[in-house]
Structures are given as C-alpha cells and as structure tokens.
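> Protein chains in written order, with this note's numbering: chain S, 3 to 329; chain Z, 3 to 329.
In case anyone wonders, no lab produced these hints; they're calculated from the structure. Mixed in with the good hints there might be a few duds.
One copy or any two copies: either way a pair holds, since identical chains are not told apart in the list.
[Stated by the list, open to error] Capping the alpha-carbon separation at 27 Å, the derived lysine-lysine pairs in DSSO-like fashion look like this:
| # | residue 1 | residue 2 |
| --- | --- | --- |
| 1 | K144 | K319 |
| 2 | K109 | K300 |
| 3 | K197 | K220 |
| 4 | K16 | K259 |
| 5 | K259 | K86 |
| 6 | K86 | K301 |
| 7 | K214 | K326 |
| 8 | K58 | K112 |
| 9 | K151 | K264 |
Note that the structure is a prediction, hence the values are computed from the model and not measured.
2 protein chains.
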Amino acid sequence: MIRIGIYGYGNLGKGVEYAIRQNPDMELAAVFTRRSPETVKIDTEGVCVCHIDEAKNMTDKIDVMILCGGSATDLPVQTPELAKLFNVIDSFDTHANIPQHFENVDKSAKEFQKVALISAGWDPGMFSLNRLYASAVLPEGKTYTFWGKGVSQGHSDAIRRIEGVKDARQYTIPIDAALDAVRSGAAPDLSTREKHLRECFVVAEDGADLKKIENEIKTMPNYFADYDTIVHFISADELARDHSGIPHGGFVIHSGKTGKNKENNHVIEYSLKLDSNPEFTSSVIVAYARAVYRMAEKKDFGCKTVLDVAPGLLSIKSPEELRKELV
Amino acid sequence: MIRIGIYGYGNLGKGVEYAIRQNPDMELAAVFTRRSPETVKIDTEGVCVCHIDEAKNMTDKIDVMILCGGSATDLPVQTPELAKLFNVIDSFDTHANIPQHFENVDKSAKEFQKVALISAGWDPGMFSLNRLYASAVLPEGKTYTFWGKGVSQGHSDAIRRIEGVKDARQYTIPIDAALDAVRSGAAPDLSTREKHLRECFVVAEDGADLKKIENEIKTMPNYFADYDTIVHFISADELARDHSGIPHGGFVIHSGKTGKNKENNHVIEYSLKLDSNPEFTSSVIVAYARAVYRMAEKKDFGCKTVLDVAPGLLSIKSPEELRKELV
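Please construct the entire structure, taking both the sequences and the accompanying hints into account.
Shown next as structure tokens:
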C-alpha cells in the first residue's frame with residue numbers, strides 16, 4: 003500500500019481524500035492542517051487529523067505527501083521545505099514561476115534524496131502533456147489552449163471586491179468561432195478578445211448603482227478590459243441555486259502540416275469537460291502520486307514535472323497488463 | 003545530429019523522409035530496400051539507397067533505424083533481428099500480438115545493448131497514451147475508442163478480392179449518436195454496429211452482377227457482417243478523382259466519476275483528424291526516434307512502448323525550455 007498524506011484540507015484536499023478511495027493500492031495515512039485539528043472533520047474514519055507541526059515526526063508513516071495549498075503563498079514555501087522530509091507532489095499553477103519553483107524544490111529533493119513532482123493537475127498538467135506531444139509530433143504547426151466553460155475563482159474574487167457587490171461568479175467561455183477556425187487547420191492569429199468571453203453573475207447590495215458596477219467590471223484592467231464581458235444581476239438565491247458548482251474544462255488544439263510540399267494537414271484536439279475542477283485536479287495528483295512512489299523506489303531523486311514521468315508509472319496495472327490490454 | 007536509417011521505402015518510409023526535414027537535429031543517413039537499389043528513387047539528394055543486405059555493414063553510420071515494413075510478415079521478423087545491430091523503432095500494429103512481439107524484441111535489444119521501441123503511431127501510439135492517462139486519472143470510468151472517418155486498407159483489400167470487383171475504397175465512420183452518448187458521460191454499452199458504419203465505393207467490372215457483389219460485401223464475416231454497410235458503385239475515374247487520399251483519424255473518449263457519492267462527472271476526449279494516415283504515423287515515429295536516441299545515450303536498453311517513454315524526451319527542446327514555455 004502507498005501511504006498518502008494530505009497537507010492542507012480545502013476543496014483540493016477533500017478531492018484527494020475521495021480519489022484515494024478509487025485507487026486500491028493507496029491508503030490515506032494522515033491529514034495535516036494549520037487549523038486546530040479538533041475543528042477539522044474529515045470523511046475517512048480512523049485517520050489522524052494532525053497539526054502541520056507534527057508532520058516532521060511522521061516521516062516513517064507517509065510515502066508521498068500531497069500538498070493541497072495555494073500557489074500564491076503556500077506552495078512556494080511548503081514544497082521546498084517538505085521535500086526535505088517526504089516525497090512530495092503539488093499542483094503549483096503560476097505558469098510564469100514554474101522554472102523558479104522547480105529550482106527551489108529540486109535543490110531540496112536532491113539534497114535529501116526525495117522525489118518531488120510539481121504542477122500536477124490539468125493546466126499545468128494534462129494540458130502541458132498535450133501541448134508537448136502535439137508540438138513534438140507536428141513541429142511545423144501551432145498550438146492553441148482554450149479554457150472553459152468554467153468558473154474562474156480569481157475573476158469572481160475581483161468582482162467581489164467592487165463596492166456594492168455582495169457576491170459574484172465569473173465564467174470563462176471559449177468562443178465557438180475561434181475554436182472552429184483553429185479546428186479547420188487555418189492556424190489563425192487570434193486576439194485575447196477573439197478567444198474567450200467572460201460572463202458574470204453578480205449579486206448587488208440593495209440600492210447599489212448597477213450601471214456603475216457593470217462599468218467597473220467591464221473596464222477592469224487585466225481581468226476584463228481586454229474581453230467582451232456580459233454582466234447579469236441576479237439574486238442571492240439564484241446564485242446559490244444555479245451557480246454553486248465549480249465546473250471547468252478546456253481545449254488544447256494543435257494543427258500542423260506534413261508532406262513533401264506540406265500539402266497534408268492534421269488536427270490534434272484534447273478536451274476536458276469537468277463537473278468539478280478541484281476533484282479532477284485531485285484525481286490527476288493522486289495518479290501522479292503513484293508515479294512519485296515508484297520513482298522513489300528506483301531512487302530517481304529530484305524534482306520532476308509531468309513531462310519527466312513515463313506514462314505507465316501512473317497506472318495501477320503492470321507493464322505486462324498494459325501491453326496486453328491497453329497499448 | 004541524430005542519424006536516421008529508413009528500412010523499407012513505401013508510404014510510411016516516404017513519410018519518415020519528409021518528417022525528418024521538420025526536425026533540425028536529425029538527418030537521413032540511408033534508405034534500405036529489398037528491391038534493386040537503382041530502381042528506387044528517393045526525394046533526398048546525396049543519400050544512399052542501399053540493399054537491405056548492406057545494413058549490417060553500416061552500424062556505425064546510423065543512430066536509429068526506423069522500420070517501415072508491414073505488421074503481418076515484415077516486422078515480426080525484422081524488428082528482433084535488426085535490434086541486434088541498431089537502436090530500432092517500428093509501428094507494429096497487430097494489437098493482439100504486441101505482448102509476443104515485445105518479448106521477442108526485448109530479448110534481442112537487451113542482449114545486444116540496444117534500445118527498441120515498438121508500436122509507435124497513433125493506434126497503437128497516441129491513442130494508447132490517451133487510454134492510459136484517462137483511465138489512470140479517472141479509474142472509475144470507461145474508455146471508448148472510435149476510428150474514422152478514414153480509409154481502412156484491410157477492408158478495401160477485402161472488397162477487391164470479390165469476383166467482379168476492379169477496385170474499391172472503404173471508409174470506417176464513427177456513428178454520431180454513439181459519440182454523443184459517450185460524451186454525455188452516460189457510459190453506454192455499445193454494440194459493434196452501434197459504434198461504426200462502413201461505407202464502400204466500388205468499381206465493378208463491365209457486366210458484373212452488382213447485386214451479388216453488394217450482397218457479398220454486406221455479409222462478409224468479420225469485415226462487414228456485424229456492421230451497417232453502405233455500398234456505392236462508381237466509375238474508376240470517380241474513384242481516382244474523389245477517393246485517392248488516405249485520410250484517417252478517430253477519438254478516444256473516457257468518462258469517469260469523482261466525489262463522495264460519485265456525483266461529479268468528467269469527460270476527457272482526444273481526437274485526431276488526419277489528411278494522411280501514413281504521414282502522421284511517420285511523424286509520431288520520428289518524434290519517438292529522438293527519444294530512442296536519448297534513451298540509448300543513457301544506456302536504458304531493452305524494448306519499450308510509448309508508455310515507457312517520458313514525454314519530454316520527444317521534444318527537440320531542453321527540459322529548461324519546456325518548463326519555461328510549455329508546462
């Protein structure tokens with residue numbers, strides 16, 4: 003059995019707890035929290051909820067520690083620190099900082115002979131894999147990534163900070179015409195506005211100036227100004243009833259040409275349609291936790307990304323079974 | 003530079019020749035043929051066309067030999083034999099025989115310290131990867147593979163063997179209702195007939211009994227009897243004008259559930275739309291030839307499938323570049 007620790011018990015940590023149950027070679031060993039452990043109720047009987055300060059005393063009880071904190075402030079500190087004690091895996095998703103995070107984690111993991119895998123999930127993660135495979139196979143081509151339809155937590159938060167807004171939910175939506183143009187193999191140049199639109203469901207405070215809120219949203223730099231944005235004002239009840247899920251998804255589409263005169267066109271498309279963004283991310287992380295465990299057994303120490311992991315290491319099945327049933 | 007040999011110069015070998023030009027770290031070293039070399043014209047100047055008997059004298063001139071023969075009789079003999087002399091790669095695609103082929107090739111490759119990769123292409127190949135990733139990430143789910151729309155050489159040949167048939171082209175077509183049912187996450191049980199239909203374009207000999215030909219096609223065991231089959235009789239000119247391409251493609255779709263009570267559904271879809279089946283297969287093989295070369299440098303000898311290869315090894319870019327640009 004692969005003994006898993008969960009470090010941080012929010013949406014992602016809960017998703018990891020459920021995902022472990024789908025993998026009969028794994029067991030949940032402990033959940034670590036910054037809160038008072040007695041205030042945290044988990045869904046698995048007989049498993050210790052421990053304060054994060056206790057983790058350092060449990061290195062012999064955990065094979066892989068799954069870090070479920072946020073990319074902004076938690077993981078840049080936690081992953082390099084915990085990689086001194088455990089084999090670790092995180093879902094660090096600040097794309098621009100991945101090289102620096104990799105360096106920091108690699109240093110710890112190599113010095114303390116651990117395996118660390120960063121940036122597991124779907125983007126970065128499954129989408130990174132698909133960008134890699136497609137561009138390696140069809141080097142004379144162009145790769146596009148679209149996100150949605152799905153909830154963007156960052157954009158929802160940005161709306162909530164506007165004066166007069168009680169609550170909000172923002173959906174990122176890929177534009178069909180752009181998807182179709184890419185699928186045609188035309189390799190179009192697409193502006194930010196042409197690729198995605200943003201749809202916002204806003205609960206305003208009583209008596210708030212709706213025109214002013216709508217204008218503040220639509221003109222907000224970085225978040226909305228470069229997009230076509232639709233704003234709906236709805237009641238708190240409607241928000242709770244129709245917009246409480248956390249769906250997401252997206253597309254990686256690559257088109258490329260082959261042949262003596264590049265006369266043949268090929269389109270590779272990968273898409274995800276996810277009812278729950280955190281639970282799918284958790285499922286990816288748990289599959290990669292198996293790979294981390296196996297790489298640690300082979301003493302293949304250091305920091306890795308999904309690009310460094312042979313796919314077969316993710317599966318509970320043996321290489322023989324995989325060749326027989328799945329190749 | 004990675005020096006590539008092409009062993010067998012049909013559609014696939016030609017595709018490899020073109021694909022090498024898209025990869026600036028590779029060069030074509032030689033083409034090997036069973037025919038008289040002087041009768042074979044290749045498209046790259048200054049490159050030797052050699053008889054296959056000369057290959058054994060050129061082990062110091064070739065880093066990776068790409069075997070472009072057929073899976074029925076060529077590769078089962080050639081790949082284990084050539085793996086004694088070269089790092090090799092093939093596109094062996096008889097799924098049921100992959101385990102035996104692997105054993106045979108692995109024995110040679112390990113004994114002679116070579117790297118061999120079998121079954122590169124799109125199915126087996128890219129589709130195998132997608133079946134693996136999806137089922138490892140969402141183990142409580144179901145994977146479906148659909149092929150087409152595309153030309154099946156085997157089915158076209160089967161029609162050509164019928165008395166009174168001059169020429170024929172058969173398209174395998176996935177059925178939209180089945181694709182939609184799978185995409186809905188309903189995880190339906192689908193019969194052979196529900197998944198694909200077969201459309202045939204047949205050129206009959208003058209005075210042939212068309213009704214009889216149509217009946218023979220539709221009732222042919224294994225090839226057509228289990229499918230809904232459409233037969234069109236057309237002229238040789240129409241066949242040449244409208245059906246001379248070799249397009250193909252298909253879909254790997256996996257749906258699976260997560261959550262405390264499996265309340266969340268997720269759909270992962272990978273699809274290919276290929277103008278030229280052999281040229282795309284060649285492009286996959288050439289990317290994996292780079293991985294074979296790198297594994298040989300690391301002395302990671304033996305037989306491999308795509309499931310054993312870390313994705314990053316396929317790319318001309320360095321791990322640092324990939325982390326910065328693509329993860």
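> Given a CA cutoff of 27 Å, do K151 and K264 count as a within-copy pair, a between-copy pair, both, or neither?
For K151 and K264, only the inter-copy Cα distance (21 Å) is at most 27 Å; the intra-copy one is 34 Å.
> Can you tell me if K197 and K220 fall within 27 Å by alpha carbon in one copy, between copies, both or neither?
Within one copy only: 17 Å inside a chain, 46 Å across chains, cut-off 27 Å.
> As a check of your reading, is K16 near K259 (CA-CA no more than 27 Å) within one copy, between copies, both or neither?
between (44 Å within a copy, 15 Å between copies)
> When no copy is specified for K259 and K86, does a C-alpha distance of 27 Å or less occur within a copy, between copies, both, or neither?
neither (46 Å within a copy, 35 Å between copies)
> For K144 vs K319, is the C-alpha pair at or below 27 Å within one copy, between two copies, both, or neither?
Between copies only: 16 Å across chains, 35 Å inside a chain, cut-off 27 Å.
> When no copy is specified for K109 and K300, does a C-alpha distance of 27 Å or less occur within a copy, between copies, both, or neither?
both (19 Å within a copy, 22 Å between copies)
> For K214 vs K326, is the C-alpha pair at or below 27 Å within one copy, between two copies, both, or neither?
neither (63 Å within a copy, 40 Å between copies)
> With 27 Å as the alpha-carbon cut-off, assign the pair K58 and K112 to within, between, both or neither.
within (18 Å within a copy, 43 Å between copies)
> Can you give me the call for K86 and K301, within, between, both or neither, at a CA distance of at most 27 Å?
Close inside one copy (15 Å), not across copies (30 Å); limit 27 Å.
The earlier numbered hints that this structure contradicts are 5 and 7.
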